[in-house]
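There are 4 protein chains.
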Amino acid sequence: MIVQMKKGSTKREYEKLIEFLKSKKLDIMDASSDEVRVFGIIGDTTSIDPSDLYAFEGVKEVTRVSTPFKKASRSFKKSDTIIKIGNDIEIGGDQFVMMAGPCSVESEEQLRIIAKAVKKAGATLLRGGAYKPRTSPYAFQGLELEGLKLLRKIGDEVGLKIVTEIPSADLLPLFEEYVDVIQVGARNMQNFHLMKALGKSTKPILLKRGLSATIEEWLMSAEYIMAGGNEQVILCERGIRTYEKYTRNTLDISAVLAVKELSHLPVIIDPSHAAGRWNMIEKLSLASLAVGSHGLIVEVHHDPEHALSDGAQSLKLPKFAAMMDELEKVAVVLGKKLR
Amino acid sequence: MIVQMKKGSTKREYEKLIEFLKSKKLDIMDASSDEVRVFGIIGDTTSIDPSDLYAFEGVKEVTRVSTPFKKASRSFKKSDTIIKIGNDIEIGGDQFVMMAGPCSVESEEQLRIIAKAVKKAGATLLRGGAYKPRTSPYAFQGLELEGLKLLRKIGDEVGLKIVTEIPSADLLPLFEEYVDVIQVGARNMQNFHLMKALGKSTKPILLKRGLSATIEEWLMSAEYIMAGGNEQVILCERGIRTYEKYTRNTLDISAVLAVKELSHLPVIIDPSHAAGRWNMIEKLSLASLAVGSHGLIVEVHHDPEHALSDGAQSLKLPKFAAMMDELEKVAVVLGKKLR
Amino acid sequence: MIVQMKKGSTKREYEKLIEFLKSKKLDIMDASSDEVRVFGIIGDTTSIDPSDLYAFEGVKEVTRVSTPFKKASRSFKKSDTIIKIGNDIEIGGDQFVMMAGPCSVESEEQLRIIAKAVKKAGATLLRGGAYKPRTSPYAFQGLELEGLKLLRKIGDEVGLKIVTEIPSADLLPLFEEYVDVIQVGARNMQNFHLMKALGKSTKPILLKRGLSATIEEWLMSAEYIMAGGNEQVILCERGIRTYEKYTRNTLDISAVLAVKELSHLPVIIDPSHAAGRWNMIEKLSLASLAVGSHGLIVEVHHDPEHALSDGAQSLKLPKFAAMMDELEKVAVVLGKKLR
Amino acid sequence: MIVQMKKGSTKREYEKLIEFLKSKKLDIMDASSDEVRVFGIIGDTTSIDPSDLYAFEGVKEVTRVSTPFKKASRSFKKSDTIIKIGNDIEIGGDQFVMMAGPCSVESEEQLRIIAKAVKKAGATLLRGGAYKPRTSPYAFQGLELEGLKLLRKIGDEVGLKIVTEIPSADLLPLFEEYVDVIQVGARNMQNFHLMKALGKSTKPILLKRGLSATIEEWLMSAEYIMAGGNEQVILCERGIRTYEKYTRNTLDISAVLAVKELSHLPVIIDPSHAAGRWNMIEKLSLASLAVGSHGLIVEVHHDPEHALSDGAQSLKLPKFAAMMDELEKVAVVLGKKLR
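Top to bottom, those sequences are chains A, B, C and D.
Going by our numbering, the residue at position 261 of the first sequence is 261; the numbering climbs one at a time, nothing skipped.
Going by our numbering, the residue at position 336 of the second sequence is 336; the numbering climbs one at a time, nothing skipped.
Going by our numbering, the residue at position 231 of the third sequence is 231; the numbering climbs one at a time, nothing skipped.
Going by our numbering, the residue at position 93 of the fourth sequence is 93; the numbering climbs one at a time, nothing skipped.
A couple of the hints might just be wrong.
Copies of the same chain are indistinguishable here, so a pair counts whether it falls within one copy or spans any two.
[As the list claims (entries may be wrong)] Calculated pairs, DSS-like style, for lysine-lysine (alpha carbon to alpha carbon, straight line, at most 30 Å):
1. K329 - K60
2. K337 - K203
3. K16 - K245
4. K316 - K6
5. K149 - K161
6. K245 - K78
7. K319 - K200
8. K22 - K60
9. K153 - K11
10. K6 - K319
11. K11 - K78
12. K153 - K245
13. K319 - K116
14. K337 - K245
15. K245 - K6
16. K71 - K245
17. K70 - K24
18. K119 - K196
19. K316 - K120
20. K7 - K260
21. K196 - K116
22. K329 - K71
23. K70 - K260
24. K77 - K196
25. K120 - K200
26. K77 - K119
Keep in mind that the hints were calculated from the coordinates and are not lab data.
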């Protein structure tokens with residue numbers, strides 16, 4: 001951290017700040033000149049929020065020069081983290097992992113039809129919401145426990161691992177029992193109570209980026225989970241909120257590259273929530289593969305008109321199969337394994 | 001809701017959608033011309049998400065013409081809701097209610113010093129974080145239950161009602177016991193699990209706007225609480241996330257006017273989190289009063305340099321008292337009661 | 001400017017950069033430790049764009065510690081700049097200057113009715129668009145030269161100074177002839193060709209903030225004008241583009257405070273374009289006064305339904321007069337002169 | 001356009017609005033029910049700004065159901081527009097057109113080295129700034145006319161067409177003489193004075209998206225040029241401004257898909273300005289190809305450390321050649337012609 005004092009700040013103000021920092025067991029590297037008083041702070045600054053230093057009078061600018069996350073950081077661990085799910089799935093290496101399924105689990109029949117189709121097309125994980133965080137209290141809220149059980153049943157029957165969203169920490173025991181990958185929804189990314197609980201989980205966590213989370217905040221939420229002891233975190237970019245309203249969100253495809261620079265954790269893309277329009281999914285999926293994402297999570301439905309949620313962004317089954325064929329062509333030349 | 005079909009959409013597509021809507025007990029008001037097929041949907045459309053209708057082929061545009069919230073809506077209840085706290089405080093009427101206190105409860109002594117000072121200056125509620133949602137897992141997380149007890153003790157001693165943030169639903173019984181107003185933090189605004197729990201609370205809820213929540217989403221979260229049976233919701237604008245980084249957030253002062261148009265619920269402003277800089281608080285507070293906010297929640301500290309959080313945006317005690325005097329002058333000419 | 005090198009960067013990389021900086025006549029203040037190589041750059045760094053230094057291999061982070069603007073900076077000139085218009089108007093001091101008038105000049109009669117009314121209510125400048133930058137090529141584009149002449153004529157007749165928007169540099173001679181204050185529209189804020197031309201103007205410039213300009217970029221545009229020799233720049237906040245769509249733009253009221261910290265130039269607010277809704281204007285105007293703006297520019301119309309542009313955000317004449325009375329009450333207690 | 005009146009609006013208010021619309025030669029399609037008064041407006045509504053109708057009392061909501069642009073619209077012209085440059089280049093069809101070169105033209109030697117390298121690697125257009133719109137008045141402003149002449153000379157010598165940015169309308173004659181494709185910079189996208197001038201140009205226009213322009217506003221600027229008679233417009237996505245600061249801008253890759261839905265015009269991507277970091281260019285270029293962009297415009301430099309602008313985002317020559325090889329592999333499987 002580098003601190004610059006204001007012109008006209010007093011020696012007393014400077015000393016007060018130095019005292020405070022030393023009380024935190026931090027060292028000071030002074031770099032002041034005649035013109036400007038500036039110094040670096042040496043040591044483990046992760047417990048200091050740069051903005052707190054502005055409370056000291058005389059401080060002009062505080063600049064962080066190391067990341068606020070440790071375990072999630074590329075400088076902490078150089079090699080890419082690869083997360084294994086079952087015997088065959090590895091997220092973070094050369095596999096381009098496909099997670100697909102309905103927005104909501106609606107019935108056993110619905111789930112079986114969709115699961116069989118996505119399995120046949122080459123997906124390896126089945127997604128589907130059991131507990132649905134809906135903007136409106138009057139909208140369908142999911143089958144809840146019944147949905148978890150159906151996911152487990154159909155996943156085992158068809159041969160797919162399952163991933164679904166956890167709404168709150170008190171349900172963690174159920175998720176531990178039924179689920180292979182626990183998803184954190186965008187709206188819960190900074191529910192730190194939940195992050196702490198997931199730090200104790202034995203399951204990989206799929207951590208969606210918040211609606212307007214910075215990349216740094218997103219990695220800080222991963223850090224919460226890792227600090228608790230669970231280092232199996234998969235990041236998922238799902239579009240951010242901007243002024244542009246043609247798409248539901250703006251897919252920040254560069255975030256994949258940023259995460260790979262800053263962290264060793266795997267990162268995938270959710271094109272369905274990003275676009276909110278089924279007819280954009282195929283092209284965005286191709287772009288996600290090309291940019292270096294480790295996989296995709298996609299909404300598909302056999303009958304989107306009657307889906308209980310997110311019909312507008314769900315691919316029909318034949319379109320999903322066709323998309324997989326397109327992805328395959330590009331995966332081959334890029335040295336990625338899709339199926 | 002008004003639905004417009006695409007040029008070239010088929011009669012079959014149109015009929016499929018009409019069938020679906022009728023199965024939902026909704027009526028259709030056709031307004032098609034030779035050129036364009038368009039119709040209105042009549043009835044209670046709150047359970048339909050407009051975006052779901054886009055799953056139907058042939059649909060071009062769906063426009064909502066009523067708000068998705070009911071109980072929170074001005075058209076549901078014309079008169080302003082006034083929320084009483086104790087015998088003297090009324091939020092939503094002519095009082096300009098001042099809530100003030102430290103970011104975090106740090107010790108009994110700290111809290112007593114600050115509480116006495118803000119009481120003397122004219123505040124009626126004491127704020128202070130006991131459970132602190134921090135971006136970093138390595139930062140101070142609050143005194144937790146000990147903090148709640150201190151708030152209750154000092155509040156009673158000094159004669160202030162208390163307001164503090166709840167981090168998760170499982171702590172609700174403690175908050176019911178110790179707290180007068182339960183605050184929902186910006187990052188939890190769409191933690192629907194928590195919203196549902198608060199619907200069963202007997203306490204008024206101070207609902208902060210999410211970091212990038214639309215006004216409509218914010219009112220939908222209020223609706224969750226109200227739908228559960230608790231109609232005592234106070235909204236709190238605290239700045240939204242924009243591209244501008246000079247201030248911590250961008251205070252959306254117009255949101256106060258929007259809320260008053262759309263809803264009957266009271267709305268206050270948190271200038272401390274909006275600006276993130278103590279030297280902007282006084283002027284933003286004056287602007288909040290002038291724009292018609294029902295009150296303020298402000299961070300103050302007797303020693304911000306050594307505050308365990310948010311020192312940069314905390315007012316010192318004498319500045320707070322001076323600000324109250326400035327506010328008094330304007331309140332008088334605007335017909336608002338500050339003290 | 002402070003430069004931090006990457007861990008693992010080489011001595012050669014460091015030396016290459018130092019050489020480059022010395023070739024620019026800049027001095028180096030080394031502050032490296034065993035752990036991290038970091039140094040400050042001393043001298044006039046305004047001609048260096050920090051982002052250019054990232055082109056050097058080994059550079060991790062470049063932090064600017066002084067503002068990129070000079071003449072517009074508060075550290076360049078401590079005292080507030082006060083801009084005189086005619087004998088009576090001073091912008092930047094204790095006057096709260098009111099500019100009012102129609103969005104577009106439509107006819108002599110329209111302009112006279114409005115001008116008389118706003119004069120009577122206490123405005124001192126008449127606004128009105130002669131050249132209208134419209135999003136659509138098919139919309140009314142203004143009366144152009146005829147509009148300028150009408151503004152001059154009616155302004156003189158009624159006793160108001162006039163302010164109107166210049167669309168391009170080639171029209172500057174006409175604006176010099178007819179206009180008292182030359183307005184730069186939000187969409188032209190970074191039309192640097194125009195900024196350079198205005199640097200040669202003898203008239204005060206009203207510089208609107210761009211739709212998504214940072215405060216720093218806005219001050220850099222002021223710097224362009226000042227660098228050209230014209231130091232009479234009035235800044236105008238008019239709302240920024242955010243994800244929130246209830247209002248046309250989001251009024252960034254804190255920007256007034258930021259400008260006053262960073263610069264000595266006066267700053268006013270345009271609540272009409274910020275809100276886009278006439279029924280919010282009065283309250284936002286009161287808030288603007290309370291926050292410390294040096295004035296307002298407001299759209300008023302005697303018949304907004306038939307206005308050729310921006311009817312939705314225009315105040316009717318009696319509402320404007322009523323608003324002036326409200327403002328007067330608050331101005332008095334704040335020590336500002338409105339009329 | 002569909003208009004909904006407020007509950008409680010009067011018959012007189014309704015009639016006043018109908019009268020106004022009829023005076024504009026528009027027809028009304030009433031769709032009112034007992035509950036709500038709502039009607040459609042039939043005819044050419046492009047000259048009406050929906051927001052103007054809000055000036056009429058009693059209006060609750062105005063919804064546009066057709067695009068405000070005509071000539072640029074896909075419904076106006078179904079087939080993709082293909083723009084020819086010289087004998088060999090076609091933008092808008094199966095070619096993936098590569099434009100490459102330095103940010104600024106710095107010298108004849110610099111331009112020749114870069115031009116030869118990009119030509120050899122497979123680019124067909126040479127980019128390079130002669131007139132540079134810089135945020136700071138103290139930064140290098142370009143070689144101006146000398147730069148145009150160098151571009152023409154080197155382009156002809158090496159066998160590349162040239163594309164460069166026009167800063168203002170008065171320079172159009174020079175650009176007509178020297179340039180093959182005239183670029184409009186992001187900051188000038190709503191410089192309507194310039195748009196009108198370009199409507200009279202005989203050259204194709206490369207229209208960059210504004211820093212925070214909506215897709216609709218961007219197409220409206222294309223409409224300005226087309227309405228003036230020049231239908232050769234190539235759109236260029238270059239990243240939009242968001243709250244995320246890790247990248248210079250956020251590349252809105254979905255915008256390519258949106259433009260292709262809404263318009264028949266070709267659309268390319270500028271990954272250099274979007275990312276602002278050279279090490280992201282290759283992957284973003286691959287993603288651009290995969291998403292269906294018609295080409296790229298990329299900054300390359302033989303010596304980015306000493307570039308006079310934008311060094312941080314310029315690819316070195318060998319990296320550019322390597323990237324072209326990667327693109328070739330993907331282009332082949334997607335049926336696109338790169339070289």
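A quick look at each hint next to the structure:
no.	hint	result
1	K329 - K60	neither (54 Å within a copy, 33 Å between copies)
2	K337 - K203	within (24 Å within a copy, 45 Å between copies)
3	K16 - K245	between (49 Å within a copy, 27 Å between copies)
4	K316 - K6	between (61 Å within a copy, 20 Å between copies)
5	K149 - K161	within (13 Å within a copy, 46 Å between copies)
6	K245 - K78	between (39 Å within a copy, 24 Å between copies)
7	K319 - K200	neither (39 Å within a copy, 44 Å between copies)
8	K22 - K60	both (20 Å within a copy, 27 Å between copies)
9	K153 - K11	neither (70 Å within a copy, 40 Å between copies)
10	K6 - K319	between (61 Å within a copy, 21 Å between copies)
11	K11 - K78	between (42 Å within a copy, 22 Å between copies)
12	K153 - K245	neither (39 Å within a copy, 44 Å between copies)
13	K319 - K116	within (15 Å within a copy, 44 Å between copies)
14	K337 - K245	neither (35 Å within a copy, 33 Å between copies)
15	K245 - K6	between (42 Å within a copy, 19 Å between copies)
16	K71 - K245	between (36 Å within a copy, 22 Å between copies)
17	K70 - K24	within (19 Å within a copy, 38 Å between copies)
18	K119 - K196	neither (33 Å within a copy, 36 Å between copies)
19	K316 - K120	within (14 Å within a copy, 44 Å between copies)
20	K7 - K260	between (39 Å within a copy, 17 Å between copies)
21	K196 - K116	neither (35 Å within a copy, 35 Å between copies)
22	K329 - K71	neither (36 Å within a copy, 37 Å between copies)
23	K70 - K260	within (15 Å within a copy, 39 Å between copies)
24	K77 - K196	within (22 Å within a copy, 41 Å between copies)
25	K120 - K200	neither (35 Å within a copy, 46 Å between copies)
26	K77 - K119	neither (34 Å within a copy, 41 Å between copies)
Figure legend: structure checked against the earlier numbered hints; hints not met, in rising order: 1, 7, 9, 12, 14, 18, 21, 22, 25 and 26.
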